[in-house]
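Below, each chain spelled out in residue letters.
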Amino acid sequence: MARKQDIRDVERVAHQFGMTVLQRRDFGDYLEECKRSGEVGTANDRGDFTWSELEEKARKFPSDDD
Amino acid sequence: MLQSIDLTAVQRESEDVELLRSYLQQLVGQPFLHFRFSYGDELSLHFGRAVVYNSPHLKHLVKGSYIVGARASAWSLRTSTPPSIVLGDDRSSIAPSNGGRAITKEQVESGTLVKDGAYILAAEPIPMESGGGYCIGIALRLLLSDGCEFFIRPAANRGANADDGPADWEIFTPHDRFLKTGPGYRWSYLDSRAAASSAASA
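So the protein sequences, as listed, match chains A and B.
Sequential numbering from 1 applies to the first sequence in the working numbering.
Sequential numbering from 67 applies to the second sequence in the working numbering.
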């Protein structure tokens, strides 16, 4: 059921933006919340994000406080 | 013999399933909080204490101090009341005439599948052989106090490179550590504050 390529894309963009493993985990929840709140992507009918859109989301995703 | 394991110590690239079983014992007794689907339809199970996310974008949500992530692996949940099996497995497609019916992510997340107050009774790693569309790897079995049983089994969808792809499953702990398994019988217990790699989360 889970889509391996989407999970891989989150890992790749998290690595690209220097996220920690924990941030990468929370970033996946953030992306899903974006979709649920109507901030959908344009990759497909599910509202998934293109690579550019993932990068934009990663830029907006704040760092941990520590 | 008496022994103790430091839950803040890092363990790299082991294939010792009994040692993995020891690390999993920190889950026993942890109360179930909720299910949540993450991006890519990865199912996560949240246990322990409810904690806030660091990100202000997620301040309306809480997560568990322990989080079990199924990544892209197949999973199943056997519920006790009513007795049913929920399947998250692309290999399974059960016709309505045989009792299967579609269920939505929202229904899984609704909080009705696991009883309030249920906690983990047992957490076991199970080495699996290949076959039936599944690959060699370590499955995870969680038994809850309300009779529910959750099972994650690595799926046979890795690429030609054995290290290709996300972990088979992960568990984030409140000790700034996370457990990851795969490929095969390999597992590691690493610093969750370390940089995310571009391959399987190391």
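Do not take every clue at face value.
[Said to hold, decoys possible] One side only, chain B facing chain A, incomplete, derived with CB under 10 Å:
no.	residue
1	D107
2	E108
3	L124
4	L127
5	R137
6	D155
7	G213
8	F217
9	A221
10	F238
11	K246
12	L256
13	D257
14	S258
[What the hints assert, rightly or not] Simulated pairs of lysine to any residue, SDA-like, Cα-Cα distance not exceeding 25 Å:
no.	chain 1	residue 1	chain 2	residue 2
15	A	K4	B	L153
16	B	K181	B	H126
17	A	K60	B	Y119
18	A	K60	B	D107
19	A	K4	B	D212
20	B	K171	A	T50
21	A	K35	B	F101
22	A	K4	B	G250
23	A	K35	B	E175
24	B	K181	B	D212
[What the hints assert, rightly or not] Just the calculated beta-carbon pair ranges, DEER-fashion:
no.	chain 1	residue 1	chain 2	residue 2	range
25	A	S52	B	P148	43 to 51 Å
26	B	S70	A	A43	34 to 42 Å
27	A	R3	B	P122	26 to 34 Å
28	B	G183	A	Q16	39 to 47 Å
No lab work stands behind these hints, which were simulated from the structure alone.
Ideal placement from N, C-alpha and C gives every residue a C-beta, glycine not left out.
So, going through the hints one by one against the coordinates:
Because the closest C-beta pair between D107 (chain B) and chain A is about 5 Å apart, less than 10 Å, the hint holds. The beta carbon of E108 (chain B) comes within 5 Å of a beta carbon in chain A, closer than 10 Å, and the hint placing it at the interface holds. The interface hint given for L124 (chain B) is met, as the beta carbon of that residue sits about 6 Å from the closest beta carbon of chain A, less than 10 Å. A distance limit of 10 Å between C-beta atoms decides the matter here; for L127 (chain B) the minimum to chain A is near 7 Å, and the interface restraint holds.
For R137 (chain B), the suggested interface contact is upheld, since its CB lies about 6 Å from the closest CB of chain A, less than 10 Å. Using the Cβ-Cβ criterion of 10 Å, the hint placing D155 (chain B) at the interface with chain A is satisfied: the shortest such distance is roughly 7 Å. For the restraint placing G213 (chain B) at the interface with chain A, the shortest Cβ-Cβ distance is roughly 23 Å, beyond the 10 Å limit, so the hint is violated. Violation of the interface hint for F217 (chain B) is found here, the shortest Cβ-Cβ separation to chain A being roughly 14 Å, above the 10 Å cut-off.
A distance limit of 10 Å between C-beta atoms decides the matter here; for A221 (chain B) the minimum to chain A is near 8 Å, and the interface restraint holds. The interface hint given for F238 (chain B) holds, since its Cβ lies 6 Å from the closest Cβ of chain A, which is under the 10 Å cut-off. Because the beta carbon of K246 (chain B) sits about 9 Å from the nearest beta carbon in chain A, less than 10 Å, this interface hint is met. About 7 Å separates the beta-carbon of L256 (chain B) from the nearest beta-carbon of chain A, less than 10 Å, and the hint is met.
A hinted interface residue such as D257 (chain B) counts as satisfied when its beta carbon comes closer than 10 Å to some beta carbon of chain A; here the least separation is about 8 Å, so the hint holds. At a threshold of 10 Å, the smallest CB-CB gap from S258 (chain B) to chain A is about 4 Å, leaving the interface hint in force. Restraint check for K4 (chain A) and L153 (chain B): satisfied, since their Cα atoms lie roughly 17 Å apart, inside the 25 Å limit. Restraint check for K181 (chain B) and H126 (chain B): the C-alpha separation of about 23 Å stays at or below 25 Å, so the hint holds.
For the suggested pair K60 (chain A) and Y119 (chain B), the alpha carbons sit about 15 Å apart, so the restraint of at most 25 Å is met. Proposed proximity of K60 (chain A) and D107 (chain B) is supported: the alpha carbons are some 22 Å apart, at most 25 Å. About 31 Å separates the Cα atoms of K4 (chain A) and D212 (chain B), which puts this hinted pair outside 25 Å; it is violated. Distance check on the hinted pair: K171 (chain B) and T50 (chain A) sit about 22 Å apart at the alpha-carbon level, within 25 Å; holds.
Our distance criterion of 25 Å between C-alpha atoms is met by K35 (chain A) and F101 (chain B), whose separation comes to about 17 Å. Between K4 (chain A) and G250 (chain B), the direct Cα distance comes to roughly 17 Å. Compliance with the 25 Å bound is thereby established for this hinted pair. A C-alpha spacing of about 16 Å is found between K35 (chain A) and E175 (chain B), which places the hinted pair at or below 25 Å, so the restraint holds. This hinted pair checks out: K181 (chain B) and D212 (chain B) have alpha carbons roughly 6 Å apart, not beyond 25 Å.
For S52 (chain A) paired with P148 (chain B), a C-beta distance near 45 Å keeps the hint of 43 to 51 Å intact. Separation of S70 (chain B) from A43 (chain A) is about 48 Å and departs from the stated range, judged on CB atoms against 34 to 42 Å. R3 (chain A) and P122 (chain B) have their C-beta atoms about 27 Å apart, which keeps the hinted 26 to 34 Å range intact. Between G183 (chain B) and Q16 (chain A) the beta carbon distance is about 42 Å. The supplied range of 39 to 47 Å therefore holds.
Consistency note: the structure conflicts with the earlier hints numbered 7, 8, 19 and 26.
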